[in-house]
Amino acid sequence: MAVPKLQQLAKSVVQGPSLATGAIPTRDWMDIPVVFKSGNYAYPAKKEKVEYLNSQSGLHFPNAREWSPEDDDWKLPEDWKEIILKGLKERLDKFRSLKIFMDCCVRCGACADKCHFFLGTGDPKNMPVLRAELLRSVYRNDFTLAGKILGKMAGAREMTVGVLKEWFMYSYQCTECRRCSVFCPYGIDTAEITMMLRELLHLVGVGINWILEPASNSNRTGNHMGLQPHTFKDNVEFLLDDVENLTGIRPNISFNRKGAEVLFITPSADVFAEPGLYTAMGYMLLFEAIGLDYTWSTYASEGGNFGLFTNNETMKKLNAKMYAEAKRLGVKYILGGECGHMWRVLHQYMDTMNGPADFLEKPVSPITGTVFENAASTKMVHISEFTADLIKHGKLKFDKSRNSHVKATFHDSCNTSRAMGLLDEPRYILDHVVDWVEMPENTIREQTFCCGSGTGLNTDEIMELRMRSGLPRANAVKYVHEKHGVNMLACVCAIDRATLTSLMNYWNPGVSVCGLTELVANALVVEGETRGELEEGLRTML
Amino acid sequence: MDLAEGFRNHREKIVNKWVEYTLSTYLSSGFFLKENDKFANPVGGNIREALGRLFLLLVKGADPKEFIPPLEQIISIRAVQEFAPSQAVSPLNAVKHITREVFAADKERSQLVNELYDFEFAVDLAVLAAFDMYMQCRERLYQVRINEIRTGNHILAGSRCPSQMLSAEK
Ligand code: SF4
Ligand code: SF4
Numbered sequence: 027m028a029v030p031k032l033q034q035l036a037k038s039v040v041q042g043p044s045l046a047t048g049a050i051p052t053r054d055w056m057d058i059p060v061v062f063k064s065g066n067y068a069y070p071a072k073k074e075k076v077e078y079l080n081s082q083s084g085l086h087f088p089n090a091r092e093w094s095p096e097d098d099d100w101k102l103p104e105d106w107k108e109i110i111l112k113g114l115k116e117r118l119d120k121f122r123s124l125k126i127f128m129d130c131c132v133r134c135g136a137c138a139d140k141c142h143f144f145l146g147t148g149d150p151k152n153m154p155v156l157r158a159e160l161l162r163s164v165y166r167n168d169f170t171l172a173g174k175i176l177g178k179m180a181g182a183r184e185m186t187v188g189v190l191k192e193w194f195m196y197s198y199q200c201t202e203c204r205r206c207s208v209f210c211p212y213g214i215d216t217a218e219i220t221m222m223l224r225e226l227l228h229l230v231g232v233g234i235n236w237i238l239e240p241a242s243n244s245n246r247t248g249n250h251m252g253l254q255p256h257t258f259k260d261n262v263e264f265l266l267d268d269v270e271n272l273t274g275i276r277p278n279i280s281f282n283r284k285g286a287e288v289l290f291i292t293p294s295a296d297v298f299a300e301p302g303l304y305t306a307m308g309y310m311l312l313f314e315a316i317g318l319d320y321t322w323s324t325y326a327s328e329g330g331n332f333g334l335f336t337n338n339e340t341m342k343k344l345n346a347k348m349y350a351e352a353k354r355l356g357v358k359y360i361l362g363g364e365c366g367h368m369w370r371v372l373h374q375y376m377d378t379m380n381g382p383a384d385f386l387e388k389p390v391s392p393i394t395g396t397v398f399e400n401a402a403s404t405k406m407v408h409i410s411e412f413t414a415d416l417i418k419h420g421k422l423k424f425d426k427s428r429n430s431h432v433k434a435t436f437h438d439s440c441n442t443s444r445a446m447g448l449l450d451e452p453r454y455i456l457d458h459v460v461d462w463v464e465m466p467e468n469t470i471r472e473q474t475f476c477c478g479s480g481t482g483l484n485t486d487e488i489m490e491l492r493m494r495s496g497l498p499r500a501n502a503v504k505y506v507h508e509k510h511g512v513n514m515l516a517c518v519c520a521i522d523r524a525t526l527t528s529l530m531n532y533w534n535p536g537v538s539v540c541g542l543t544e545l546v547a548n549a550l551v552v553e554g555e556t557r558g559e560l561e562e563g564l565r566t567m568l
Numbered sequence: 088m089d090l091a092e093g094f095r096n097h098r099e100k101i102v103n104k105w106v107e108y109t110l111s112t113y114l115s116s117g118f119f120l121k122e123n124d125k126f127a128n129p130v131g132g133n134i135r136e137a138l139g140r141l142f143l144l145l146v147k148g149a150d151p152k153e154f155i156p157p158l159e160q161i162i163s164i165r166a167v168q169e170f171a172p173s174q175a176v177s178p179l180n181a182v183k184h185i186t187r188e189v190f191a192a193d194k195e196r197s198q199l200v201n202e203l204y205d206f207e208f209a210v211d212l213a214v215l216a217a218f219d220m221y222m223q224c225r226e227r228l229y230q231v232r233i234n235e236i237r238t239g240n241h242i243l244a245g246s247r248c249p250s251q252m253l254s255a256e257k
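Residue numbers (the working numbering), protein chains in the order written: chain A, 27 to 568; chain B, 88 to 257.
This is chain A alone, in the form it adopts within the complex (with noise of 0.2 Å):
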């Protein structure tokens, strides 16, 4: 009796439709179409803001119109077909990685555990080797002779909308974090593979608006938020007058200077969000304490690169954009702020799109004399280096006591621990200025877990689809909060500063986030500084 009983229940609830994928995998996971439903997708970018795009120079987007995933026409150009395969086979000519990824992969399934999107929601085309086949079997198909011959034998199918749509559903359930690379014997990136993905999905314009927007701001007015000059400059010295009242030391700050030996950029996110301001502050009163002649600007007002997400022309402009505005400044080298994607471009791209910045100088601390040797061609240093390296000389003094409120954990954030190897910096710097834990082996350094919403997935409309990604981070933080009492998850990155915090407040609450700086300057003892009990270090109301 209670066995026909179970199987009944198991049936009402396993048969329900699924929002992500419409179906149970009992085909081929070729043959399920995807289904888009409100809640499972990102909204598509807007019309003005592709025909913007498309109108600059160096830039290529068109097909802009409006459309709906949900409908079954995406008003797709007409030779759409023909437009996707020569696309992919102009990359495959231009990226020897591609090619690579496409032909050496052995569907040995060591990266298939690896995606916290497939650990969010077991939906196995989130398994990087399956998302990697959604190209591969196109790629087979028109390409290789096997696939020729041997068709659906050869794991080869035909380019059609159903893939398409597949490729898009998929390739924004990818924050390009590069964790399953890790574990992969050939080293192969599906985050590369997904950049692809994306890039062919824009040829017939095929797009989101939470990064397309961004990236036309960024490229208009030098920031995600399209703040013009003006309202940046107040913005900063808002958080110039909030440092003054909470430690009685007023930075000397400046936009624009010429001749200033440092630029400095950050993610404009640190400038007027929370809880990216504290950071904001930090950077200003360290500045001030070590008297670094440095100066922000108006123009490179954003380190984040939306363009990382949707081409390589579009990150290659918004590269470009800081150089050009250290060049136009005369400053001898860049100095970078806590952000993710500023430095995976920079660690990964910069030099070979528009490197090498002979018109800089090799970046030297103008307090310790240290030589920033890895920098000697972007002649861009990260704020943790140069913070870890004035520590390591004895430069700042720091009372701990100030950040006893804090207990912390270090969230890697991923571009910058796989992209970029900062694992150490951030750790010697934590452990001057604040009481703190480790996460979980398996769930920090290079294996870190990604927020789940990178890459231009930090969007509202997908809210539970970001908690599912951000699972597996939340669950270490969880850990180290209850076993340890851990009440603050740091963090060197802007977008993670945003989503951490969301992902905090649903998984656990009672944990804050905040920037690595924000912490530094909590401790940071000041010469001439006033600042009396501050409870909550540089957050508290005064």
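Source of the hints: derived by calculation from the structure; they are not laboratory data. Using N, Cα and C, we set each Cβ at its ideal position, and we do this for glycine too. Treat the hints loosely; a few may be bogus.
[Unchecked claim] DSS-like mimics (lysine-lysine), calculated; alpha carbons at most 25 Å apart, straight line:
# : chain 1 : residue 1 : chain 2 : residue 2
1 : B       : K152      : A       : K509
2 : A       : K31       : B       : K104
3 : A       : K120      : A       : K107
4 : B       : K194      : A       : K31
5 : A       : K101      : A       : K120
[Unchecked claim] Pairwise CB distance ranges (calculated):
#  : chain 1 : residue 1 : chain 2 : residue 2 : range
6  : B       : T238      : A       : Q82       : 27 to 33 Å
7  : B       : E107      : A       : M567      : 48 to 54 Å
8  : A       : F281      : B       : D219      : 50 to 56 Å
9  : B       : K100      : A       : P535      : 35 to 41 Å
10 : A       : K125      : B       : Q230      : 45 to 51 Å
11 : A       : G511      : B       : D219      : 23 to 29 Å
12 : A       : N400      : B       : G117      : 21 to 27 Å
With chain A held as given, fit chain B with the ligands onto it using these hints.
Here is chain B with the ligands on its own, set in the frame of chain A:
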């Protein structure tokens, strides 16, 4: 042979089947079942841990308030996954059927099936509490969405200049 002993002897088996059943609601559940590291496998790990705890509470006839932590561990996950509310909650119910099945298959203890009323009543209470928990999780989620919009994190990208918004309001 009393009921308590029956539960003791069969606990592992029942909980295993319960976990298996719950995880079978995911499209690709092999890994969720197999991997024991909770950090490498958060869905499988949390569900296994929570169902194990919940089972002990159900057997003991604990105060339903005590059900809340393990229920939250499970439902907070399922409330943001692709399940209808009934689908999110219903695997909890399965433990009734599984327990009957396991006892019935054990010749010496098959008569215990008739003594399961209290246990099953406790399961009913847990299922009801799970619905409340489901709603709480959804509400928390909407709050997260609202907060994000309010703090301006949502205008990190994709919005007009604030001064333009102000003049539009005028
Ligand atoms: S890059 Fe990250 S998000 Fe993309 S498939 Fe790999 S692990 Fe998943
Ligand atoms: S780990 Fe590498 S070789 Fe193995 S299935 Fe994944 S991508 Fe292919």
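Hints and how they fare:
| no. | hint | in the structure |
| --- | --- | --- |
| 1 | K152/B with K509/A | 22 Å, holds |
| 2 | K31/A with K104/B | 15 Å, holds |
| 3 | K120/A with K107/A | 20 Å, holds |
| 4 | K194/B with K31/A | 21 Å, holds |
| 5 | K101/A with K120/A | 29 Å, violated |
| 6 | T238/B with Q82/A: 27 to 33 Å | 31 Å, holds |
| 7 | E107/B with M567/A: 48 to 54 Å | 51 Å, holds |
| 8 | F281/A with D219/B: 50 to 56 Å | 53 Å, holds |
| 9 | K100/B with P535/A: 35 to 41 Å | 36 Å, holds |
| 10 | K125/A with Q230/B: 45 to 51 Å | 47 Å, holds |
| 11 | G511/A with D219/B: 23 to 29 Å | 28 Å, holds |
| 12 | N400/A with G117/B: 21 to 27 Å | 43 Å, violated |
This entry does not satisfy hints 5, 12, going by the numbered hints stated previously.
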